[in-house]
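S.K.: Reading the sequence shown from the start, the letters are residues 6 to 147 in this note's numbering.
In short, the hints are calculated from the structure, not lab data.
Be a bit skeptical, because a hint or two may be false.
If you anchor each label on the Cβ, the simulated ranges turn out as follows [what the hints assert, rightly or not]:
#1 T138 - R40: 32 to 38 Å
#2 S140 - D36: 38 to 44 Å
#3 D36 - Q136: 23 to 29 Å
Think of the CB as a built atom: it goes at the ideal place given N, C-alpha and C, for glycine as much as any other residue.
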Amino acid sequence: MPDEEFPWSEPDRGGDRSVVDCEACQSVIDDESDRTVSFLLLDHLTIPVRSCERHLERFSTICGLTTEDSARVLDHYPAGGVACPACRNARYDTSRPMVSVDGGMVVITACPDHQSQILQRFDTGLETHQQLTASLGGHDTL
Numbered sequence: 006m007p008d009e010e011f012p013w014s015e016p017d018r019g020g021d022r023s024v025v026d027c028e029a030c031q032s033v034i035d036d037e038s039d040r041t042v043s044f045l046l047l048d049h050l051t052i053p054v055r056s057c058e059r060h061l062e063r064f065s066t067i068c069g070l071t072t073e074d075s076a077r078v079l080d081h082y083p084a085g086g087v088a089c090p091a092c093r094n095a096r097y098d099t100s101r102p103m104v105s106v107d108g109g110m111v112v113i114t115a116c117p118d119h120q121s122q123i124l125q126r127f128d129t130g131l132e133t134h135q136q137l138t139a140s141l142g143g144h145d146t147l
C-alpha cells in the first residue's frame, strides 16, 4: 500500500499547495480557521490535528494500537484545554508535518516534541497493524 511506504512527510517549504486525493481533507487543510481543528486524545497527549472525519478516525485508530486506552478525536476544544503552551501556539507555525492516511492527509498542528511523539506512535501503530493483518492472512480489519 503506497500510504504505508511513506506514511508522513515534512511540510512543503516551497509554499506550494500540496495536493490531497481526498477533497474533504483538502477543504479542511485549506481552511485555516479554528473551526476546522480537532483534537486527538492519546494517553497524556492532546494534539491539535486537521483532516476530514474519515481520515482522522483512521489516524486515531492506528495511533490507538499503541496504547491500552483508546484514542479519541474531539471536534471541539477539550475541557482541560491543551496543556502544552508550544502546542497552543503551533497553529502560527507553518512547518507542520502532513501524514498520509489511506488517500487523505492529517496535519499535526503541535509543537515539534509532540509532533515527533505522535509520528512515532503512528509509525508503531502501522507496524502493529501490518503484523496483525499478516497474522490474519492479509485481511484489513481496521
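S.K.: The structure should be examined with respect to each hint, and the outcome stated for every one.
M.R.: Here's how the hints hold up against the structure:
1. T138 - R40: 32 to 38 Å: holds, 36 Å
2. S140 - D36: 38 to 44 Å: For S140 and D36 the Cβ distance comes to about 40 Å; the hint holds.
3. D36 - Q136: 23 to 29 Å: violated, 36 Å
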